Structure formats: structure tokens, C-alpha cells
Amino acid sequence: TQLLEQSPQFLSIQEGENLTVYCNSSSVFSSLQWYRQEPGEGPVLLVTVVTGGEVKKLKRLTFQFGDARKDSSLHITAAQPGDTGLYLCAGVQTSGSRLTFGEGTQLTVNP
Amino acid sequence: NAGVTQTPKFQVLKTGQSMTLQCAQDMNHEYMSWYRQDPGMGLRLIHYSVGAGITDQGEVPNGYNVSRSTTEDFPLRLLSAAPSQTSVYFCASSFAGGNSEQFFGPGTRLTVL
Numbered sequence: 821t822q823l824l825e826q827s828p829q830f831l832s833i834q835e836g837e838n839l840t841v842y843c844n845s846s847s848v849f850s851s852l853q854w855y856r857q858e859p860g861e862g863p864v865l866l867v868t869v870v871t872g873g874e875v876k877k878l879k880r881l882t883f884q885f886g887d888a889r890k891d892s893s894l895h896i897t898a899a900q901p902g903d904t905g906l907y908l909c910a911g912v913q914t915s916g917s918r919l920t921f922g923e924g925t926q927l928t929v930n931p
Numbered sequence: 116n117a118g119v120t121q122t123p124k125f126q127v128l129k130t131g132q133s134m135t136l137q138c139a140q141d142m143n144h145e146y147m148s149w150y151r152q153d154p155g156m157g158l159r160l161i162h163y164s165v166g167a168g169i170t171d172q173g174e175v176p177n178g179y180n181v182s183r184s185t186t187e188d189f190p191l192r193l194l195s196a197a198p199s200q201t202s203v204y205f206c207a208s209s210f211a212g213g214n215s216e217q218f219f220g221p222g223t224r225l226t227v228l
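Chains as they are written, first to last, in this note's numbering: chain A, 821 to 931; chain B, 116 to 228.
Derived from the structure by calculation, the hints contain no laboratory data. These numbers come from a predicted model, not from an experiment. Just so you know, even glycine gets a beta-carbon here, dropped at the ideal spot from N, CA and C. Hints are supplied without guarantee of correctness; some may be wrong.
[Unchecked claim] So the derived label-pair ranges between C-beta atoms look like this:
#1 A:Gln834 <-> B:Ala211: 38 to 44 Å
#2 A:Asp887 <-> B:Gln132: 50 to 56 Å
#3 B:Ala211 <-> A:Tyr842: 26 to 32 Å
#4 B:Thr135 <-> A:Ser847: 31 to 37 Å
#5 A:Pro901 <-> B:Thr201: 27 to 33 Å
Between the sequences and the hints, there should be enough to build the whole structure, so can you do that?
Dropping the structure here:
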């Protein structure tokens, strides 16, 4: 069982559509990060959220940390083919110090 | 700055062979980590280091050894390769632990026959 569960695991949409990816846990996290990984490359950090209820925006991407700090979401508005990639959430539990990754959401945006 | 570099990019081994995956970073980061990435399982931590001379086990350490003689280098050794070690391996570095940004290398795709 993954400490951080992401849904959906796969998502294929058309250019211009909106989408939301979820990252859920039964544990409390001191912070959550979102990374994007393109084929043949390592993940790259998009954002870190640290406060319950926090919302951060990065152009067409909106990230939210749940009030209880057990979950996070990533919303993409008007998706573009360049958004295609594997989206990974990662968090540090309040009871630990190491970063734990979710299994990822593979997003494909078709032109 | 080259960031985090890994060699080789691809490797095929036979069961029982040993090899070392190389990782280097030029950002003067104290923290370095090795992850493996398998389909549907995200990234799992193998070993990590909080500074030169200090290493510790992660979530899936069996079958792997590491050492950290310098700040820059953090090699991962497979002692006797097994098919279950077929995976993509990523090295990462960060300024500090916890929620510090992880900088990843491009990965090594390893196949064990």
C-alpha cells in the first residue's frame, strides 16, 4: 500500500480541456511537493506547499494543500500538449524526515 | 553548472554480475539519494547520504551498496545483479533534507537478464 495514493493513474485528454489530479493519504504531512517528469528525464520540481489550505498558482496550474494536510490536488486549465508527462506528488510526514513519492499520474494531452 | 550527472545512461547485465552506477553533482549539496522507478510504483528510496562519510538505508536497500567519500560523488553498487533489479535508477541531490527541492539526474536504465 502506497503512503501517498495518486488518482487517476492514467489520464488522456484533448487540448483545451481542464483536469484535476489527486494525491491522498491517511497520514499528515508537513509539506507536499509536485514534480513533473518527461520521458527519458528525471523529475523536476513544480511547487512545494507547506500550509494547510494553501493554494499556489503556476500559470495554468493550480496546486492546493488540504486543510488537514493529508491530501493535495493539481488542477490544469486549458491543457496543452506540452503538459504531457508523469506528475508525481511527494511528501514529508510530520512523524518523519524523508521524502515519500506517490506512484504518479501519467497525463497525455492530445492535439 | 552541469547539475546532477549519471553514467551510464543504459546498461544490460547478466544475473550475478556486479556493477557501479555513477552519480556526481556540482551544486555543493550535502544531501544525495538513490531512487529506483518501476511502473506504477513511483520512486522508491534505496540509500541516501546527508554528507561525506555518512550513508543510510532507504525503503529498498537490499542488494545495493553505497559510499560517500566526497561531497560531489555518490556511487551505487549492485553486488550480484538479479532480474528484480531491472529498473530505472535516479540519483538526486538537495541542499538539505525534508522538503528541500530534489534535483534529479537523467537516470540509468538497467536491464538484468
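Which of the stated hints cannot be reconciled with the structure, identified by number in ascending sequence? none
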